[in-house]
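Please take these sequences and the hints and turn them into a complete structure.
The chain contents come next:
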Amino acid sequence: MIQVKDIFKKFGEIEAVRGVSFDIPAGEIFGFLGPNGAGKSTTINILCTLLKPDQGQAFLAGHDVVEYPARVRSSIGIVFQDPSLDERLSALENLVFHALVYSVPKAVREERIKHVLDMVDLWERRHDVVRTFSGGMKRRLEIARGLLHHPQVLFLDEPTLGLDPQTRNRIWEYIRELRESDNITIFLTTHYMDEAENCDRIAVIDHGKIIALDTPDKLKAMVGGDMVTIASSALDQVAAQITEHFGLTALEQDSKLILEVPDGESFLPRLMRSVDVPIDSISVRRPTLDDVFMKLTGRTMRDEAAGAMDTMRQHVRASRR
Amino acid sequence: MMMNNLRGIYSIWLRDIIRFRRDTSRIITSLAQPALFLFVFGNGLARGLDIEGGVGSQLDTPYLAFIYPGIIGMSLLFTSVFSAVSIVWDREFGFLKEVMVAPISRSSVAIGKAFGGSSVAIIQALIILVLAPLVGVKLSFLVVLAVIPVMLLISFSITCMGIAMAARMRSMEGFQMIMNFLVMPLFVLSGAMFPIERLPGWLHFLTRVDPLTYGVDALRFLMLGPGSAQFSLAFSVSVLAAFGAAMISLAVFLFNRTD
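Residue numbers (this note's numbering), protein chains in the order written: chain P, 284 to 604; chain D, 1076 to 1334.
Calculated from the structure, these hints are not laboratory results. Please note: incorrect hints may appear among the correct ones.
[Stated by the list, open to error] Pairwise CB distance ranges, derived in the manner of DEER restraints:
1) P/391 x D/1218: 45 to 51 Å
2) P/335 x D/1252: 28 to 34 Å
3) P/519 x D/1332: 35 to 41 Å
[As the list claims (entries may be wrong)] In silico SDA-like cross-links for lysine to any residue, where the CA-CA straight-line distance does not exceed 20 Å:
4) P/389 x D/1172
5) P/293 x P/339
6) P/397 x D/1078
7) D/1172 x P/418
8) P/389 x D/1078
9) P/501 x P/544
Using N, Cα and C, we set each Cβ at its ideal position, and we do this for glycine too.
In structure tokens, the structure reads:
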């Protein structure tokens, strides 16, 4: 459904995308996982014809995104990272506008609008002006709008950013239902690890390049064993002793040590015997995609220096919802 | 493709109309500002400058009646520019993205916006017509019918001018610039508030290159009679049409290149 061949995109001196390639078959839920500024949104904008790649080719439903933007546009639905509703129109008016510009036939327009509004539980509020909606409601309305014209591919750019967990789960339910009923392809970007776990396949992207692409389980299998997190007032000494006794390198994250060991349960007693510096707490858990990212890049996603501008933009976005 | 474009134009236009209908406060303000200019400013100027006797080419048009078409021109100018510049708000609030990624051409978006902005401006200007009896201007139904196409020419071309500028604008700060360096000069130089025939040379020249001068003059021609106008109706309308054609081309060109 989507083929991307070696695309590059530069903004001035900044190389946002540096040679990205992937194939997404119809009906797949495909996730782009990476920190802010990794090139996720740039790739989406190229696929939905808002940006032209400097190099490389991308095809969507068989159409070249540069040569046939109009054909590509009518076969995709997009939920942008930032809100894109007309806040002064009612929910219904926003959908009617969308149906008009996407040529949804008049005969089915009403029925479809009712269907998507029911799906996101907003039918009762259809006559209300969008300005009065909460952030979650706006997001749901945008998702409903993105589906109104029965796209073959739905793009979701950070679909649940700033939403409460309950709404997030609801949105994921809709997404899975849709895949079941319409076999639509879903391409989403996220930097929430738990959200990425919902995908069939995930591409981990960092500094404009895909550094890993596989199912969530296989990605997690890349991290060999269990993750042990240690809190202590003398982190440096603990780390040094661990290296000395077990030959393992512990990474520091949020003033805690994290290390990967083949078998967590049997490691703990051995650790307690060999370290003589006071330890406040220890926990053992199965690896998450966070650990995969850490393993691949040596950094955590949260470490990424979100520039002042980014932080501000996020703030503005959050307050607007 | 043709149908596609028409649908695009229609939907963008419809959105502007719905938004206008919803915003009833705009209908009230559309009357308040012209009334303020007309009765306070107009009366004050007439007394202060001792031109109560009359102005116009034959010096027989009462001052309030004289500026009445000018005030309508002002309303058309401000509303049109404001409508066009709402594109910048749409960009700021994200709605422009929904429009840009839709399967309709950029040209149809620009043209739809031009019709949307001018429709709203015409509706507001028609509301001002209720003030006519208060300034002693008698309007027949035929005159009102004849005035509408002139209003369309003025508002359409000015909305297009606004769209051309909004295509490049990234923030509302630019709007202040446009108000100060474009909209206010266009209004002041149009002769909306004073007769332009006896101005010093350089000022005379500036009024002649202001397209709104011809709009206001055409409105005067129709509403007050040929005696109050400076140019023939045919000439004013031709200038306006040429200006409109140039502006719609510029708006479509620049809007196609925006991102």
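Of the hints stated earlier, which fail here? Structure breaks hints 3, 4 and 6.
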